[in-house]
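Construct all of the structure, not just a fragment, from the sequences and the given hints.
These protein sequence lines are chains V and A, in that order.
Start counting the first sequence at 1; every next residue gets the next number (the numbering used here).
Start counting the second sequence at 502; every next residue gets the next number (the numbering used here).
You can take every hint at face value.
Distance ranges between label pairs, derived from CB positions:
id	chain 1	residue 1	chain 2	residue 2	range
1	V	Asp209	A	Ala823	19 to 25 Å
2	A	Thr976	V	Leu208	50 to 56 Å
3	V	Ala146	A	Ala552	34 to 40 Å
With the Cβ distance kept under 7 Å, some of the chain V side facing chain A (calculated, not the full set):
id	residue
4	Asp19
5	Leu20
6	Ala23
7	Leu26
8	Gly38
9	Ser42
10	Gln46
11	Leu50
12	Arg228
13	Gly229
14	Thr244
15	Asp245
Chain V regions said to be covered by chain A (calculated; three or more residues, Cβ under 8 Å):
id	segment
16	27-35
17	214-227
No lab work stands behind these hints, which were simulated from the structure alone.
Ideal Cβ placement from N, Cα and C applies to all residues, glycine included.
Number of protein chains: 2
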Amino acid sequence: MPLQNLYEKLIATLHFHADLAAALHLLEWDQETFLPAGALESRARQIGALAGLLHEQQTAPAFLDLVDRLASDLPQLEPGAAVDVRETKWRLDRERRLDAALVRERSALHAEGRGVWVIARRDNDFAALAPLLARIVETERRVAAAIDPERDAYDVLLEEYEPGASAAMLHGLFTSLRDGLLPLVERLRGRLAARRLPATALCGAFALDAQRTFNRLVAERLGFDFQRGRLDEAVHPFTMTIGTDVRLTTRYDAHDLRYGLYATLHEAGHGLYEQGLDASAWGTPRGTACSLGVHESQSRLWENQVGRSEGFWRHLLPAARATFPDLRDASFESIVVAVNDARPSLIRTEADEITYNLHIIMRFELERALLRGDLGVNDLPHAWRECMQRTLGVVPDNDRDGVLQDVHWAGGALGYFPTYALGSLFAAQLMSAAEAALGPLDSLLAAGDFPVLLGWLRDHVHRCGQTYRSFDLVTAATGTPPSPDLLLRHLEHKIAFLESV
Amino acid sequence: MPLQNLYEKLIATLHFHADLAAALHLLEWDQETFLPAGALESRARQIGALAGLLHEQQTAPAFLDLVDRLASDLPQLEPGAAVDVRETKWRLDRERRLDAALVRERSALHAEGRGVWVIARRDNDFAALAPLLARIVETERRVAAAIDPERDAYDVLLEEYEPGASAAMLHGLFTSLRDGLLPLVERLRGRLAARRLPATALCGAFALDAQRTFNRLVAERLGFDFQRGRLDEAVHPFTMTIGTDVRLTTRYDAHDLRYGLYATLHEAGHGLYEQGLDASAWGTPRGTACSLGVHESQSRLWENQVGRSEGFWRHLLPAARATFPDLRDASFESIVVAVNDARPSLIRTEADEITYNLHIIMRFELERALLRGDLGVNDLPHAWRECMQRTLGVVPDNDRDGVLQDVHWAGGALGYFPTYALGSLFAAQLMSAAEAALGPLDSLLAAGDFPVLLGWLRDHVHRCGQTYRSFDLVTAATGTPPSPDLLLRHLEHKIAFLESV
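This is the structure in structure tokens:
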């Protein structure tokens, strides 16, 4: 069969897999939004059945042969096709090195880990999780060794989420980032006692239906297309793409507008990325998001760089005032303070923009040490507290607010946390490059010209799909390789603002 | 392998198929409820991909062999297992006689038919549909001949929806039913001019949110379990079971309470049946609804026999008055009139309980004549009008309100309509048997003791699954074979009531 026909067969097969994956995503989305409580167990079985069938299709010998055959002729393919073959082959090669027994064992262990974590966290009982966590770390080591016995286990696992990245690259970036952040945290501490304006301007009474309408309006103004998407509610907000249909979720607090709005902005960032992928390459690597780090750069860009900016609030405040009676007398300055409030705290998901990445860096170091065997699972709670003391100067007095706060490790996701910090770095760099191209972004946001910024992101990030790996994508889009400099500069402006009010 | 092990393998495989079918049902449910408009096309592809894969699983040679092997030892199986094998084998034997090309051709034709019907109906242009409809009739003849060349094509197609039924059985029932209905229609006509009370007591202003709460409350009072189900909205209400999770849909009219309420009651009837199936036999024929006729008997029982009764409204009126200010002054009698209003009309889906089945009988006769070749597709509009004149005495002045009003034939569903009338017959008979067992139902309903009636239906209908075919099930449950007598008696009471007000 001519190469072109083989490639077309690859695309047709990828489309078929993507259609089945969409059905799987709908099962998952529905589970978090509309599923009645009594149907959870049968939903788990449905997901298992379909996931198994999809995996069977994705590792069918005829499909593997097709991909190998195309990969052996990579240089003869036109560049776009070569990307699809390269990335498909890369993923497949990882998968096929894991034998079925290990895949089953791992996935059962992760499910068990998530279940045990819920209980251990509720009971503030790390010892209840520790033996299982030790087995999870051990199993992840075996997984990494099966995929590539020559490489550092952490690198192999990290690439599941951030292909092309390595612990060494992260270590370099994160060391500079921490060195820059620690003095900022010192300044934060100094400012806390001295501040003039309280950060309560967005606290009050906000009717849920009005919030729903308002959040939808905000997502729409940013450029989210509700003809190909939805905004619903979930306990833990997430974004799920079901084929070509991108579904955001958020949650609301009747007494704090920020709780819902910043979840919506974050998820809308993910959703705008998904909606901006090249539709003509749907279902193929070229039409798929680059990495978790890049995904997180989009969510953080809209949530933090845009959503906490003065320009954004200059634009949004009239609509917010018109919608919510409790905002009628809120001053512009008090609102900017309310959305930029910062202080060292215990819980990552509630951390502000300035301290957030110190939480991540700590997790990166701890999970690396766990995998290398430099840190035993039983020593983790102590190491956690020690690390918190050293970086943020606050220490949890229980493990629920410490090492048990995140589900990631219990769910087997080692190497996942760094993508959050990469997202912050990438976002700052992308905003700076967009500003160089488009002129002052704050005035642009104040004018509500979100589509201009979105257009730039589409051209430089979204439409690239997996054509480049994340570090190359950011370098190509911004002209400089990833570095913490622009994030630190952004956060310094923030501190200076907080010091001024 | 011992027979018992083979049977367990059958059950495991049926469970797997049912889990995949649940995923398919969620894709379909979501399409009618929450899918954004721009994602319709990709949803069709997802459904196609998963349906194809499910069909592949259901007709895999190993599965066919397993079923054949078990069927050859049917007498050695215990009775429950024998039901599962018998019904699985019966469905499979129908399916495997259709070659893949015919299945594809048929399904493409039905999809095309539904699409062309939408346009033809909108444009009131039967000629636009006629050639395609002729091909559909011809293809259904071929399908019937492939399944069983020895039998009447209509019987073979009818059994897709009502296994064990035949045109001859229906002809007998429907002839008596019509003979009983025509004099009632005459009496209706006489009453129309003379009536005292208008049927407008449930027209007014009914806030949609209040209706949502009220309809949910009604479904709950009947016994619908929201821990394993939902009530949402759809343009054309339907009920879909997703694994063990039963989802009703309805729609609301802000100016007519009946529009939503009777759709909810109808769908709740379907939903109560699905929730009442034997959970321990889930995914197998014993845990699956018997037939469309029996399904429709449950929806019609709650919608008509219960929902339009005096007892039901004695119970519900206080809650309705408390919810809707516009009902505060409505008299009980005026409401019973409003929900039992009847008159000959053109549109089946808007027809009242008395005239409804004349619409069905007419369609049964026309589709039989089409299949036999006694009636050409081009003569259908004329035959339609002639039939309407003869039975209901009203004639559509356009095909949109005539032969083009239903999608069924254009979608290839020949042999489907009779199940609606069977539902009415079965429902009247089941109510009468329930009354013999439980005492006067009207007082029971007036006391809100719906669970007592539901319990009787669960014992005599729901829990039987496919243990019996529908006519045997009704005979076993009621002590007499299906007949129109009790439905006619029920409708005579209705007429007498209408003549009295």
